[in-house]
Structures are given as C-alpha cells and as structure tokens.
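> Chain by chain, the residues:
2 protein chains.
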Amino acid sequence: MKIETIRHSLSHVLAYAVQKLYPGVKFGIGPAIENGFYYDFEFIEADQRGLKRGITRIAPEDLPKIEEKMREIIKKNLEFRKKNLGIKETEELFRNQPYKLELIKELEKSGEKEVSTYQVGQFLDLCKGPHVKSTLQFHSGQAKEIIDSFKLTKIAGAYWRGNEKNPMLTRIYGVAFKTKEELKDYLRKEEEAEKRDHRILGQKLELFSFDEEVGTGLPLWHPRGAILRKIIEDYLYKELILQGYQWIVSPHIGKLDLWKTSGHWDLYRENMYSPIKIDEEEYMLKPMNCPFHVKIYNSKIRSYKELPLYFAELGTVYRYEKSGVLHGLVRVRGFTQDDAHIFCTPDQISQELIKLLKAGFKIIKTFGFKDFDIYLSTRPEKYAGTEKDWQKAENSLKYVVKKLKLKYQIDPGGGVFYGPKIDIKIKDSLGRPWQCTTIQVDFNLPERFNMNYIDKKGRKHRPIMIHRALLGSIERFIGVLLEHYGGALPLWLSPVQIWIIPVGSRHQKYAKEVGSKMLDAGCRIEVKDENETVSKKIWGGELQKIPYLLVVGDKELKDKSVRVRERGKGDLGAVKLNKFLEKIIKLRDGKGF
Amino acid sequence: MKIETIRHSLSHVLAYAVQKLYPGVKFGIGPAIENGFYYDFEFIEADQRGLKRGITRIAPEDLPKIEEKMREIIKKNLEFRKKNLGIKETEELFRNQPYKLELIKELEKSGEKEVSTYQVGQFLDLCKGPHVKSTLQFHSGQAKEIIDSFKLTKIAGAYWRGNEKNPMLTRIYGVAFKTKEELKDYLRKEEEAEKRDHRILGQKLELFSFDEEVGTGLPLWHPRGAILRKIIEDYLYKELILQGYQWIVSPHIGKLDLWKTSGHWDLYRENMYSPIKIDEEEYMLKPMNCPFHVKIYNSKIRSYKELPLYFAELGTVYRYEKSGVLHGLVRVRGFTQDDAHIFCTPDQISQELIKLLKAGFKIIKTFGFKDFDIYLSTRPEKYAGTEKDWQKAENSLKYVVKKLKLKYQIDPGGGVFYGPKIDIKIKDSLGRPWQCTTIQVDFNLPERFNMNYIDKKGRKHRPIMIHRALLGSIERFIGVLLEHYGGALPLWLSPVQIWIIPVGSRHQKYAKEVGSKMLDAGCRIEVKDENETVSKKIWGGELQKIPYLLVVGDKELKDKSVRVRERGKGDLGAVKLNKFLEKIIKLRDGKGF
Numbered sequence: 000m001k002i003e004t005i006r007h008s009l010s011h012v013l014a015y016a017v018q019k020l021y022p023g024v025k026f027g028i029g030p031a032i033e034n035g036f037y038y039d040f041e042f043i044e045a046d047q048r049g050l051k052r053g054i055t056r057i058a059p060e061d062l063p064k065i066e067e068k069m070r071e072i073i074k075k076n077l078e079f080r081k082k083n084l085g086i087k088e089t090e091e092l093f094r095n096q097p098y099k100l101e102l103i104k105e106l107e108k109s110g111e112k113e114v115s116t117y118q119v120g121q122f123l124d125l126c127k128g129p130h131v132k133s134t135l136q137f138h139s140g141q142a143k144e145i146i147d148s149f150k151l152t153k154i155a156g157a158y159w160r161g162n163e164k165n166p167m168l169t170r171i172y173g174v175a176f177k178t179k180e181e182l183k184d185y186l187r188k189e190e191e192a193e194k195r196d197h198r199i200l201g202q203k204l205e206l207f208s209f210d211e212e213v214g215t216g217l218p219l220w221h222p223r224g225a226i227l228r229k230i231i232e233d234y235l236y237k238e239l240i241l242q243g244y245q246w247i248v249s250p251h252i253g254k255l256d257l258w259k260t261s262g263h264w265d266l267y268r269e270n271m272y273s274p275i276k277i278d279e280e281e282y283m284l285k286p287m288n289c290p291f292h293v294k295i296y297n298s299k300i301r302s303y304k305e306l307p308l309y310f311a312e313l314g315t316v317y318r319y320e321k322s323g324v325l326h327g328l329v330r331v332r333g334f335t336q337d338d339a340h341i342f343c344t345p346d347q348i349s350q351e352l353i354k355l356l357k358a359g360f361k362i363i364k365t366f367g368f369k370d371f372d373i374y375l376s377t378r379p380e381k382y383a384g385t386e387k388d389w390q391k392a393e394n395s396l397k398y399v400v401k402k403l404k405l406k407y408q409i410d411p412g413g414g415v416f417y418g419p420k421i422d423i424k425i426k427d428s429l430g431r432p433w434q435c436t437t438i439q440v441d442f443n444l445p446e447r448f449n450m451n452y453i454d455k456k457g458r459k460h461r462p463i464m465i466h467r468a469l470l471g472s473i474e475r476f477i478g479v480l481l482e483h484y485g486g487a488l489p490l491w492l493s494p495v496q497i498w499i500i501p502v503g504s505r506h507q508k509y510a511k512e513v514g515s516k517m518l519d520a521g522c523r524i525e526v527k528d529e530n531e532t533v534s535k536k537i538w539g540g541e542l543q544k545i546p547y548l549l550v551v552g553d554k555e556l557k558d559k560s561v562r563v564r565e566r567g568k569g570d571l572g573a574v575k576l577n578k579f580l581e582k583i584i585k586l587r588d589g590k591g592f
Numbered sequence: 000m001k002i003e004t005i006r007h008s009l010s011h012v013l014a015y016a017v018q019k020l021y022p023g024v025k026f027g028i029g030p031a032i033e034n035g036f037y038y039d040f041e042f043i044e045a046d047q048r049g050l051k052r053g054i055t056r057i058a059p060e061d062l063p064k065i066e067e068k069m070r071e072i073i074k075k076n077l078e079f080r081k082k083n084l085g086i087k088e089t090e091e092l093f094r095n096q097p098y099k100l101e102l103i104k105e106l107e108k109s110g111e112k113e114v115s116t117y118q119v120g121q122f123l124d125l126c127k128g129p130h131v132k133s134t135l136q137f138h139s140g141q142a143k144e145i146i147d148s149f150k151l152t153k154i155a156g157a158y159w160r161g162n163e164k165n166p167m168l169t170r171i172y173g174v175a176f177k178t179k180e181e182l183k184d185y186l187r188k189e190e191e192a193e194k195r196d197h198r199i200l201g202q203k204l205e206l207f208s209f210d211e212e213v214g215t216g217l218p219l220w221h222p223r224g225a226i227l228r229k230i231i232e233d234y235l236y237k238e239l240i241l242q243g244y245q246w247i248v249s250p251h252i253g254k255l256d257l258w259k260t261s262g263h264w265d266l267y268r269e270n271m272y273s274p275i276k277i278d279e280e281e282y283m284l285k286p287m288n289c290p291f292h293v294k295i296y297n298s299k300i301r302s303y304k305e306l307p308l309y310f311a312e313l314g315t316v317y318r319y320e321k322s323g324v325l326h327g328l329v330r331v332r333g334f335t336q337d338d339a340h341i342f343c344t345p346d347q348i349s350q351e352l353i354k355l356l357k358a359g360f361k362i363i364k365t366f367g368f369k370d371f372d373i374y375l376s377t378r379p380e381k382y383a384g385t386e387k388d389w390q391k392a393e394n395s396l397k398y399v400v401k402k403l404k405l406k407y408q409i410d411p412g413g414g415v416f417y418g419p420k421i422d423i424k425i426k427d428s429l430g431r432p433w434q435c436t437t438i439q440v441d442f443n444l445p446e447r448f449n450m451n452y453i454d455k456k457g458r459k460h461r462p463i464m465i466h467r468a469l470l471g472s473i474e475r476f477i478g479v480l481l482e483h484y485g486g487a488l489p490l491w492l493s494p495v496q497i498w499i500i501p502v503g504s505r506h507q508k509y510a511k512e513v514g515s516k517m518l519d520a521g522c523r524i525e526v527k528d529e530n531e532t533v534s535k536k537i538w539g540g541e542l543q544k545i546p547y548l549l550v551v552g553d554k555e556l557k558d559k560s561v562r563v564r565e566r567g568k569g570d571l572g573a574v575k576l577n578k579f580l581e582k583i584i585k586l587r588d589g590k591g592f
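Read top to bottom, the protein sequences are chains Z and C. In case it helps, numbering that gives the first Met the number 0 puts the first sequence at residues 0 to 592. In case it helps, numbering that gives the first Met the number 0 puts the second sequence at residues 0 to 592.
Just so you know, these hints were derived from the structure itself, not from any lab. Worth double-checking, as some hints may not be accurate.
Identical chains blur together in the list; that is why a pair holds if it fits in one copy or across any two.
Said to hold, decoys possible - Below are the PhoX-like pairs computed for lysine-lysine, each with C-alpha atoms no more than 20 Å apart in a straight line: (1) 516 / 237; (2) 304 / 536; (3) 68 / 153; (4) 557 / 575; (5) 299 / 203; (6) 304 / 511; (7) 508 / 304; (8) 276 / 321; (9) 294 / 203.
Chain Z with its partners taken away, still in its complex shape (with noise of 0.2 Å):
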C-alpha cells in the first residue's frame, strides 16, 4: 500500500468525522499531499431542515475532537466502496454541495457520462481513487496503526480552487504516516525547525524586522542584527583582503542603457523594478553589481600583469519576488550579495576556481557550516559564446571538482545562458539543504562590455569573467545560520557576548568594573540594572541566548570574581575575574577573530 493512498484515504476520514461534528457542513477537495492530507470545508451551520443559520468558526481547539472522531470512525472498520454513477444521479446526491456540483457540471461539459465516487460509511465523496479496502485495513501487518499514526495539525484559509475571487474555505491539514514512529520523528523535527524560525528568532533576539509601511520583503536591522551583519562583513572583508581581493563601492542606481548594454533589460527584466526618472533619462535599481564591477575595470587600460583581478563589494541589490514567495530574511526583495567577480586569462580559469573554491569552503566552515551538496550546471539550450568556449570552461569546472576531491551532481543543460557555473547548497543541523555560494564563468559580458586586456606583446585580448557568491546574500545567510544554531550563534557572531548581572545595587559599581574590563577585551558586553531578581535576569539571558551570563553578588565583590553562567552549560560557579578575562581572550583570539 502506497503512503499517498493511506493519505488519501485520512481525508475521507476527516471530511466524514468533520460532516457528523458539523452537520450542513459544504465540501471542497481532500487530496494526499508531502507529509500528509488536507480537507476544504465550507462551516455553515444549519438547522435540521438544512437551513443556513450562520459561519461556524474553527479553531485549533477543535482538531482533538475531530480527531477523536476520525478515530471512532476507524475502529469502525468501515469499507470504501467504489461506485461509477450517472451525471444526473451524482447531481441529485449531491444536491446540497455546491462545490461538488461545481466540479461535477465540469465532468459533464467535459463530456463524461459518469462519474467515479467513494462511499465510506455515510460520506460519499467524487474520487477517483485509489483508496484503502477498509478504515482499518490500511495495510498488511499494521491494521490497527494507523489509528496512532496520523494527526491533524493546523487550520488555513484557502480560496476555493486557489482564486482569490471565490469564497474562502477552511482547510484542515493532517500528517500522516506508516508508523507512529515516523509520526512521532516528523513531529519532533518540526517541533525543532519551529523552535529555529528565523522570523521568530529574528524577533525574539531583536535582530530585525519587517514594516508594512516600509514595504513588503525589505527588512529593518535593529541594533543587534546590524551589530551582526557587521561582524559577519567585517570578517569576509578582512579574509578576503587577505586572499588578494580589491574592495569596490557602486550606486544602487544606474542607467537603464547600461543595463541594456549587460543584456539584464532584455533577459532579467521580470525581476527588476519599474524605471526612475531624472532628467529625461531612465534609471533602474540594480538587481546585479556586475556591470558597475565591468566599468571599473574597463576605466583604465588593463595589462595582462593585472590579471587575475579580483573585484569584491557587498553590494545591496533589489530583485522582485512575488508577495506570496517572501519568506523572513530567505527570500526578500532587497539583499546584499557578497559579490565578488574575477577578471582572469582562458588559462588562468581552472587555477583561479581551485582557489575559490578553497576559499569559499574554509570561509562558509568558518561559520560552522560541514556538509555541502555540489551542483555543477552545463551548457542549456540558448547559450553566449562559442561551444569551444563551453566545452573549455566545464572541463575547467569538472577537472576543479574532482581535483579537489569533492562529491558532486552533475545538472546537465542546467548553466546560465552566460556559463556553466557551480552551486553549493550548504546543509544546516537539521540537514536541510541552504542554496547559498555560487560561481559562474561568464562568457557574454566580457564582449557586451567589449573588455580587454594587454599580453605581452602588445595584443588585445577577452578575459574570462568569474562571478562569485560565497555566502549568497548577507540577509539569507544571516537567516540560514539562525536556524542552524536555533540563534545559539557561536560567541564570534553574538551581537552581544556576555551579560553582567548585579545582585543588588551594592554590586552595581563592580558589575560596571567587570562590564569595563570585559570592554577593554574587545567584549560586546551589558551591564543590567538592579531593579529586577537575579533570577528573572538570568531567565531573560537564556531567552535572548546570550553566551555568558556573569553574577556578581556580595562573595563575588570580596573575591574579585564572577559566578558564570555559560549557555548551553549552565552554572559554572565562580571564576576569579582575570582567570575568566583570560579565558575569553583566549576565545577572541584562538578563532582568529
């Protein structure tokens, strides 16, 4: 027995429970779906004539009892009966469903002379099936499971077949699965991805948040996410000027010719905003950096002695994403790229990717990142340059790949229409997959910019464009690695580290004392207030994650100690005040932070 059907079969179930709970109630559709199944109802309460006396409204509160009676209904033992009935007979049975009556003038307009229902116990249903024998014959061996192995989990709004013009019906979600086992493991896997939303995260940790007023997808930073960004900008610019790269700032404007010129207004177009107007002229927001990295490069007269140039900036870019996409900080409409292109000879490719690619995985590892899966995209159908071209720059790719001894899945056809290009998705602590680096060959802008280069004789030639992302998007990442830390981030990224708690207000001036000298270590620190208990401050640390939370009280004055609190860990008890300094400098430095 196929998972879906038993799916499939738990909808009828649930329409049947929901139609003796709420009698009136009018039908949608009941399909199986990834997890689970889900059942459209219409709530309308109605005497016993049938008459309408009003909109029952459900909430979570109810699931159990709709639950309970799925399950009494099961251990029933009740069969699904297939029958092919006429139009005119389905129409009369289903003479109070208007919904059902919707779909079945369809089937008529459609010419179908019958139609294909499922009775179980008093409900009947159009479907085509396939579902189980019986309520309790789910499938061999695990009859009876199936009662502990499904749960209804949230109510929804959904418009009656998707359009917003249609009333709005009550959908009831449920899982479903083989075993209680899985029911249980799913549960606590989602019960941990709540626990890690970064929205909910975002907002509980004061990091960031979203404005109606502002906009939809354009995220505000609060003092402690913007401290956080910071960091995280600060830490790529340092490592990469390490790495030989050159920092660049550009508008976020620029003419709309210099995008017709990049091939962005005629391939990309959907996802840019609408043209502002100066002076006569049309400029649009960026949704690249790209072409602003070109003209730098293309400001002067460039010698092959130059060659590889590396160009970086964490450049703030404006995409258009459809309203019922966005999602916190992982899908925004304004994000910003840590962009980075590589302007290099035809041979210099496969040298140039090695080091990227090392780069780029010591720098994601950095953040606490290990398993990745790696795509490497090929030649589509509609392509920029020449075959040879393509042909050149994926063997360069596969021969970097395997030299460096990585796992990866060929996507065939699956490049840009400039390059083939590698992406890394990177797998969090729950072992979801997070899109974030990519690097792609870029043979089109080179000659729409007509760029050049000077050999050693003398000689113009076309350098090879490399567009790099390693973290994606400052935003995405930001929201990627909260999850994966459910917002524990690693002392390095806390936008603040330590807390330094008075017991009473006689402790205040050595919590400051504390509180200076933590600063003077570099320490992103605050020193609470005496006006709440000891106890609710430490439960407001724990809340908000903090990684070390110091006490200091009457001993602690006399010792010239801290009594430490470290997340995760608990109370550590008390720790001579040079002892602990030496112990976070030690941290600060051991990292390479």
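Since chain Z is already given, all that's left is putting chain C on it; use the hints.
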C-alpha cells in the same frame, strides 16, 4: 575707484585688443565678475571687405598675445568717453554687430530713445558704465600698476544670453586686482586650489571615477577609494559605538505612504526621484533615513529608561540635484550620510547637544580640521510645533554653544520647518569653508509618526528627535579631505601606506619579506616589481602620494635595513627594519586608531 569699475574697463580694453587682432570679430557682452571680468566673442574671420571666411579657433596659447595687445592699449593712456546716441544712429554704428543689434532692438522695444555708449580708442560699446577716466588713470597713486595686476586666465564656450538654442560664443576670462601683489596672491591660491582639485586627485590617486553610462553624479569607488571609505566608516563605527550609539541598517526604498506620513512627499518632493511601482504599490528611493529610524523606534514600546536612545546608520540616500550643480564628490546624486538620530526627553536636549557637539568636534578634529564656522538657525515663518517648543529648543541650542564657548552666528529664520539647527562649516587648509555637520531638533516627525515613551508613572509622552550628521556625506567629506590635504592624506587614511621598492630582481625576495612584516603590523602595503628603474618607481610613489617608500638593495639586504623616503621629507637614509617597524607601530597606535 571701485575695483569693479577697473575690471569692467579692462573688459572693454580686452574687447578693443581682440578687435585689433581679429578684425571682423563679433561682440557679445563683457561685465565685471568676482575677481575679474570676461568678454564674449564670435571669432569670425573676415576679409578686408568684412566678408565672412570662416571661424577662428582661439586657444589658451593665444591669450599672452591678446594680453600684450591690451598692455599696448593701456600704455597709450586712452580716454573712456561716454556718449548718449540716438537709437537709429547706434544701429547704424553697430550694423556689423548682430548681437549688439539684438540688444539695441530690445532697448528700442522697451521705449528707450537714447543708448548709452562708451568709446575707448577705436572700440565703441553699448554700456552704461561707469568706467575709469583713461586707461592709465585707473586710480590715484597707482596709475601704471594696472599693467601688471591683471591677467587673462581662460577660455570657455558660452551660449549667447545663456540660452542653449543660441550660438555658442567664445568667452575670454581675466582676473584683475588693485595691486600686482594681490594678483600674485590670487594666482598662487588658484594654482594651489587647482592642484588640490579633488576631481583631478581622485583620478590621479585612482580613488573614484564617473561613467556616463552608469549615470550622472553617481561615483564608482575604485579599490583605493573604497578602502578610504572603509577606513573612515570603521573609524566612525568604532567611535560611535563607544559613545553609546546603536548601529542600524535600513533599505534604500520605502513605500510612498511612508514618505507621505513623514511629510517628505509634501515638502521635499522636488529632491526625490519618481516612484517605482511594485505590485500596484509605489516605492521611493530614499532621500533620507529618518523614517526608517522612527520605524525601528516604534517597533516596540519604549520606556523613559531607554532614553536617550541613539540610532546611527551609514545610509546611502539619493537626492535630485540639477546636473549643472553637480561637482565631483562634493555635489552628487547618491551619497552616504553618517546619519544618526537621538531620541530623548525634552529635559535631555541640552545635555545631549553638549555631548553631540563635543563628540562631533573630536571626530572632525581627528581628520585634521581645526577651524570652524558655526551657525545657529532659528524659527522660520512656516513651522511645525508650538512657539513654546521652538523657544525652548532655540534656548537650548544657544545655551549649549555658549556653554562650550563656541563662536557662532545667528541665522535668523534659517531653521528647517521642523525645528532649529546648528550647522558647522569646516575650514580647509586654504581657509575655504565646507558645510559638513548639521544638528537639527525635530518636533515634527515624533508627532507625525505618533512616537511615544512611557514615563515612570506609566504615562505616554512624545520624545524629542535630534537629527545629526557629523561628516555630512562620506562622498563629500572625502572630497573635502582630498582638497584639504592636496591628496597627501595622513598615514592612517592613506589607502596605500608603504611601497617597498626592490632595486633589482635579487632583492625581490627580501622586499617581500619586508612586506609581509609590514602586513603583520597591519599596514597597507604594495611590493613593486623590479621591471622599472628605482627612480621611476620613486617618482611614481611620490605622484601617488604614498607616505613611505622603502627602497631595498644590496646594502639593505645585507644590513636587514630599508632606505626610507618619507613623503614631504625625502630620503631619510637607511634604517634598520626593526627600527622602522617600531616607528610604524608607534604611529599606528599613537593616534588612537
């Protein structure tokens, strides 16, 4: 004798000289201007019968010849004779001068019967005067001085009557003073200012560029310029965090509604660009960061305990400027404000302003500026808030500048509609003032955005909002810095601090050794390759205003030393590498960065 009269008379002498040298020339107009005068000409070559044969191109090389002719004329001590002539008679006299005829026609139209003219030698001009008596009697006691106290300076194109639909005339500029010492002084300063022109320095030092296809007034920051920005931004960040500022980051666009609520749409629209449409909503490129800061303030309930609250951002804003007023980095269309907002109780204003001014001066002085002009601008005719509020805020501002013993001028009615302000112009090394810092009290936005804080007793109050930018705009400030230092930025601001120059290929390895020690000490260095002569590299380093050039040859290699050339001081001889490192580390740490 007014200097303006002398300058005006010199413009006639210029026209007379040109008439002598270029028969057939057509005359536009020739007024006195600041520091000198100009005259507009159409250089038509004519044969002896006055027939047009072509157009003569006048080049800067022609100016000495014209100047010589002017001196000849002056030495003849020719009289300036005023004559009032009838319209017809004047028209007849100017029959070959189409531009003059146009002016006469207009006089006629406006009902004039007579035209005032001045004659000097053979040159007759339409002119109301006044003029000097004769070419050698410029003013008493300095009769002949004029010969050496003027100078023709440049040639430019100028549309007749400033209208681009009219023909382009050739404008010859001159400068003139009462004494030759004044002229000399002026020319020296001009030359100095020209050498310090940040647009030229920006190119020479490879800091930034503009590109027609990217857009007008939108700088592209090249690697060295981007490093300079980063140094300044990091310094500000570090300094402001220590002062208790909280960093935030906001998007570059926001819904039109936001700007309607803030009042910018009503009062600042002409500086804003046209709306961008996203999903049926209009968004604006931000001209200001304030509404976003307010939104973050409003994202939770604020207590009096949190005030004063400081939000700072390096926010890149976009404002419309006419293309004619754009000037290098000091007047652009997109720039990054070192913006901050202080939210405080009314009682905290004075204390906050004192802190702000003290911290502001400290930061600006760090960049090497010592002199300031301070303006306090008071309530304009149209204003938001109550008269009482204004009085209180103005009194606070006055109290503060007095308390800090600052010299200031009152700009009556010069405040912004939303509150009084203090502006600080910094003076550069040539004594030129540059508007940078502004500190503005705002009664308007807290009202418009319904901002509140809760006092001790749980009652709601409006906070006061203070806007402040210290450097004003990073772009503009870098422009000012470049002009102030003539490009020779202090060590801590220099994008490249040290060049290491190997004499030959056998010194390359040692040069790299020296380089890596400097890198470890946190220096920004470049090791030059050995393909050019040492003297050429030294010359290049001096052009690029590199603070230290370290030459390493046989002797240095043997002694583990470097031959130091310090910018502005020249060759300091050989210094042991360790000694030099000590010096650099001392310099690095000494200034507190």
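> None of the hints should be skipped; say for each whether it holds.
A quick look at each hint next to the structure:
1. 516 / 237: Cα proximity of residue 516 and residue 237: across copies only (17 Å, versus 26 Å in one copy).
2. 304 / 536: between (60 Å within a copy, 16 Å between copies)
3. 68 / 153: within (17 Å within a copy, 96 Å between copies)
4. 557 / 575: within (11 Å within a copy, 50 Å between copies)
5. 299 / 203: Between. Shortest inter-copy distance 12 Å satisfies the 20 Å Cα cut-off; intra-copy 50 Å does not.
6. 304 / 511: between (55 Å within a copy, 18 Å between copies)
7. 508 / 304: Answer is between; shortest inter-copy Cα gap is 19 Å, intra-copy 60 Å.
8. 276 / 321: Close across copies (13 Å), not inside one copy (24 Å); limit 20 Å.
9. 294 / 203: between (43 Å within a copy, 17 Å between copies)
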